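The UniProt record's numbering applies: residue 1 is where the sequence shown begins, and numbers increase by one.
Don't take each hint at face value.
Here are the simulated DSBU-like pairs of lysine-lysine, each with C-alpha atoms no more than 30 Å apart in a straight line [to be verified]:
| id | residue 1 | residue 2 |
| --- | --- | --- |
| 1 | K114 | K223 |
| 2 | K114 | K171 |
| 3 | K209 | K223 |
| 4 | K171 | K209 |
Ranges between beta-carbon positions, derived for each pair [stated by the list, open to error]:
| id | residue 1 | residue 2 | range |
| --- | --- | --- | --- |
| 5 | G204 | T131 | 26 to 36 Å |
| 6 | G137 | I69 | 46 to 56 Å |
| 7 | T222 | Q253 | 23 to 33 Å |
| 8 | E113 | A234 | 44 to 54 Å |
| 9 | D112 | I69 | 23 to 33 Å |
| 10 | Q254 | E113 | 18 to 28 Å |
Source of the hints: derived by calculation from the structure; they are not laboratory data. As the structure is a prediction and not an experimental result, all values here were calculated from the model. Positions of the beta carbon are idealized from the N, C-alpha and C atoms, including for glycine.
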Amino acid sequence: MEKTNAEHRTVLVTAFEGWNDAGCASSLAVRTLIEHTEALPFTEVDDDFFYDYRDTRPQQCTALGFKRIVWPSFMFYRAIISPELTLLLAVGPEPNLHWRDFCTTIVGICEDEKVDLIVNLASIYESNPYTRNIPIGRVDGSDLSINENTYTGPVGITTILNLSAAQQGQKSLSLWADVPEYLPFDQCPPATLALMRSLCAEVGVESMKGMASVELATQMWTKQANNYVEQNPALAQSLSEIEHNWDVQQSHQQQKVAASELVDEAERFLRSYDRCDWDAEGRTEHTHPLDPESLPSSQIKKHLKKFGGDDTNQ
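Whole structure, please, built from the sequences with the hints as guidance.
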């Protein structure tokens, strides 16, 4: 059966060099996709209005035997991944000035290109152990509500872009990789690989071109990291503490999630009795308000055991 236009998705994937790009993890992910998917440029945002050239300086290079100045810009590329998926890949320096106008420009390009989703790739330095999987944080740009985990503090351009997109009804999200801050390497391929895998999950594909090269780079990086730690006993001891604290934190988090799931299941279980009656054979067709005395003891024991408690034999 042929795919219809309604089933086709266009996704914008961004990476901003600078504050949002620890270990070059996000920019390397997008540049890898650009290279290996043979993506073609189709537009750029390079207005002097957005960049302070004293901070983000132009670069001189040579082309065809002549000097050339390359000005800072945010470049857009188009990659046809499959008949069902087109990626617009955008990478460049985080703008220095006029972020709101910059983000309005980006959202305008999304409207012109009929983008279904914006995915911002980003990375930040943290004290996570490099010997464990790189954690990825996911921020739903369309969710403007607050909760106990809501971040407060300085933000990067991805936050402003998410807000600008939400105001125009454009779906967006950000994926953040944690880069180990105690290693002296300019790049962090494991974080790049983690971002690419998370991107695949978001757009519904198993893998993308270029990931094999990042996997190889990750293996080489890990060997270098191991050698570096072995040559620094103080760091090795510190890493052991980081690993221990990390494992304890992850264990507590898993227990918290499991407890939350049990509470949700118990609530669903109890709500089901608000609509049905029970007798010795099971449910009847009668409905009535929740009456704890009407709950069969076998059903109560079943759910008590999930919480680790059943005092009927005490």
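Outcome of the hint check:
1. K114 x K223: violated, 43 Å
2. K114 x K171: holds, 12 Å
3. K209 x K223: holds, 24 Å
4. K171 x K209: Judged against 30 Å, a Cα distance of about 25 Å means the pair holds.
5. G204 x T131: 26 to 36 Å: holds, 30 Å
6. G137 x I69: 46 to 56 Å: For I69 against G137, whose Cβ atoms are near 38 Å apart, the range 46 to 56 Å is violated.
7. T222 x Q253: 23 to 33 Å: Holds, at about 24 Å.
8. E113 x A234: 44 to 54 Å: holds, 51 Å
9. D112 x I69: 23 to 33 Å: Hint holds: Cβ distance 29 Å, inside 23 to 33 Å.
10. Q254 x E113: 18 to 28 Å: violated, 41 Å
The structure does not agree with the numbered hints 1, 6, 10 stated previously, though it agrees with the rest.
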